[in-house]
Amino acid sequence: MIPELGHVALTIALCLALAQGFFGLAGPIFNKPGWSAVAKPVSVGHFVFVAIAYGVLTHAHIISDFSVAYVANHSNSELPLLYRVSGVWGGHEGSMLLWALMLAVWGGLLGVFTKRIPLQTSAKVLGVMGIVSVGFLLFMLATSNPFDRLIPSPMEGRDLNPLLQDPGLAIHPPMLYMGYVGFAVAFAFAIAAMIEGRLDKEWARWIRPWTAVAWAFLTIGIALGSWWAYYELGWGGWWFWDPVENASFMPWLAGTALLHSLAVTERRGLFKGWTLLLAVSAFSLSLLGTFLVRSGVLVSVHAFATDPGRGLFILAMLVFFIGGALALYAWRAPALAQKGGFAPLSRETFILANNMLFVVATLLILFGTLYPLFLDGLGLGKISVGPPYFNTVFIIPTLPLVFLMGIGMHTAWKKMDWQQLKGKLWPFFVGALVFAVIVPLVVYRQFSLMKFIGVFLGVWAMAVAFVEPVKYFLRKRTLRGYSRTMISMCLAHFGIGVFVIGVTMVSTYGVARDIGMKPGETVMVEDYSFTLQGTRQVEGPNYSAVQADVLVERDGETVIVLQPEKRTYRVQQNPMTEADIHPRLHRDIFVAMGEPLGQGAWSMRIQYKPYIRFIWLGAFIMAFGAFFGATDKRYRVRREDEATEPSPATPGGQGKLQEGTA
Amino acid sequence: MKSLKYVIPGLAFIVLAGFFYKGLFLNPRTVPSPLIGKPAPTFELEELRNPSESFVTADMHGQPAVMNVWATWCAGCRDEHEFLMRLGRSGTVPIYGLNYRDERPAALQWLSRLGDPYVKIAYDPDGMGSLDWGVYGAPETFLLDPDGTVVYKHLGPMTPRVWEQEFLPRISEMRVASR
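Quick mapping for you: the protein sequence lines, in order, are chains X and V. Residues 1 to 662 in my numbering are what the first sequence lists, from first letter to last. Residues 1001 to 1179 in my numbering are what the second sequence lists, from first letter to last.
Since the hints were made in silico from the structure, they are not lab data. Among the clues, some could well be false.
What the hints assert, rightly or not - Quick list of in silico lysine-lysine cross-link-like pairs, BS3-like style, CA-CA up to 30 Å:
no., chain 1, residue 1, chain 2, residue 2
1, V, K1005, X, K414
2, X, K201, V, K1038
3, X, K339, V, K1005
As the list claims (entries may be wrong) - From the derived model, a few chain V residues whose C-beta atoms are all more than 10 Å from chain X:
no., residue
4, G1023
5, P1051
6, D1059
7, G1062
8, Q1063
9, A1071
10, T1092
11, P1094
12, R1113
13, L1114
14, V1119
15, D1145
16, G1148
17, R1161
18, L1168
19, E1173
Note that the structure is a prediction, hence the values are computed from the model and not measured. All residues carry an ideal CB built from backbone N, CA and C; glycine is no exception.
Could you build all of it, start to finish, from the sequences and the hints given here?
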């Protein structure tokens, strides 16, 4: 009975989404403020009913109601509670429901927090959100209803994929979807602006905090996914260029470009065409990712459902939303574009370069991801490109990007004095260069071009990130009054530097060794010695495992005893490698078990991963920066000086602070 | 004409959507290989484990043979490896490997860690040898008859079911025919 209530709630949510779409869009168009005003409460109601449906499915998982087909396929009565709850999004139907829930959350938040925005605009935004939700709810009800019954009901469920039974993965999809779907807000604002034919600086100010928060969630989601892949897939890589990973990374790249372009639109009223296109693209790429993952056009390790019927439905949605938005763009954007002057050496130029490079990176990844599809569609057979392609092409736009970032963040709007800029930055430039030569040579005694470039860029980005706030602090002895947006930019850019260091160190100085070990045997990797002390059988709640004791020592002192496991899950009978890791900020020691070699011996994979934590740490710093920036008070307070242009930097004025520019 | 640039994203998307539409009806797992029924393309590549030795297509002739395309960056290859090890031990047919766009040290490590089911392995770091075979990705597994004709091609990890349903019957047929 309860699962049927979930189905009913989902149907009601669909009706409310239709109402939200209709009143939100028809109200402003036919000039009926009463209709427009309806959209807000409806968006909250819509959220409530999607949440009920979601709650019902979670309940069915918790009580192990195997008469619900979805629960029977993705849960098991022996499954620990945490994974019963996270198992809700462990399969296709449930993760679509999570998608719909996130969309409803954003819609509901918009309904509550758009009081300062004129009703004309906020109603349209909610209307677009409603229509997006209609698409997804229809999709679920028509092709993937999570509440379908399985009669007769089985005694036991087929269990959740063991790969997904992990705390990291339990929180990864909600974060990722929150970000993915959050770009729908920017999309809705862009559509609203194009319908209205009006796009001003205020518009950019409304959308910036929403975009920043969505971007921050997406950043965390991607970082968690990478972290999960690192310790759970069992072989120590942190990014695989899998189509599903790319599907989350492309919206991130477009979203990053959007955040920067929005800064120009807000401060200078320029780049309007770009901003609109990027706002449409970021969400379009999220939709595209959903299509790629759900339709089975590309084979991926992560893909759950491959069903052409579903694929066709999502493709139709894709054409409707993306095609519609781009058609609107072709029609309305030319009228919105505005010419404005800025000198070749100005912040505008740097942000334009940033946008170009991000777009190039996105297109290169899009191309690589879809390459097999293109060739196949042309009847040329299938050739996939794989990590060799991505690793090579992705570096091309990113190296200049990181370098220019360090300069661009210190430039001024409109026109910048090169001499002054040079005076400010050259010590850092030289310092980073020296550092990048000395550290590889002296500390690691290995030198190569990539090590040099990587360390240089990372140190450069970190070193210049806080120049302005530090100067401000030294002058005023406080950070009070300093723009939060500015600090958020500094934090995010610092995070990039941390990330670059992590990637460089791990890929150039990481050590991985695969060795057969007998009990009692010792191996040296870097400064550490590893001794296999023995193995034993252990029983988990829903698996049994062989566990090894590996004593790790350094200079004769015990560091830790690591206990990697080789698990066999009882229901699905999959062998799973459970690595054990000794994490420190500057290095991870990673031990995983391979195959038994007989007589108690095992093949072991031992890895030394310097600074790998920096990769995720950098991502979290970026996300924290974006969250912090969204709290800037100018997003909440109406400003009087809206009409006035921010004054261009006065040359020689001690590098006058350019506030509010991240 | 000035507004032309605003139309480009839409046009690009239409092209993309066309490919998506077509892609939906192409099953990514059953690749209609134009090679089936034709002689296996020839290559001459270095042996992975012994660079001084070479591996040519003709080395696989003379009896039914399986050629498995793999790489260390490929997740599916890991999934199928255990089964390949079992197949190799069973000795039903010789298993040859084609190491696709990989690095030699990484590939050798992989073999020492997970075991080595292969009789011979071709090392194809730039994918040039694999190109003629229409290799789309990894893993992929080809079945060759004793004359070196491509009889079947499977895309994606090899599983006991695929082996029993697609490979074993064909191998038995070859054995009967050659008798």
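Comparing the hints with the structure gives:
no.	hint	in the structure
1	V/K1005 <-> X/K414	25 Å, holds
2	X/K201 <-> V/K1038	65 Å, violated
3	X/K339 <-> V/K1005	15 Å, holds
4	G1023	4 Å, violated
5	P1051	20 Å, holds
6	D1059	24 Å, holds
7	G1062	28 Å, holds
8	Q1063	28 Å, holds
9	A1071	7 Å, violated
10	T1092	21 Å, holds
11	P1094	21 Å, holds
12	R1113	4 Å, violated
13	L1114	6 Å, violated
14	V1119	20 Å, holds
15	D1145	22 Å, holds
16	G1148	20 Å, holds
17	R1161	14 Å, holds
18	L1168	22 Å, holds
19	E1173	26 Å, holds
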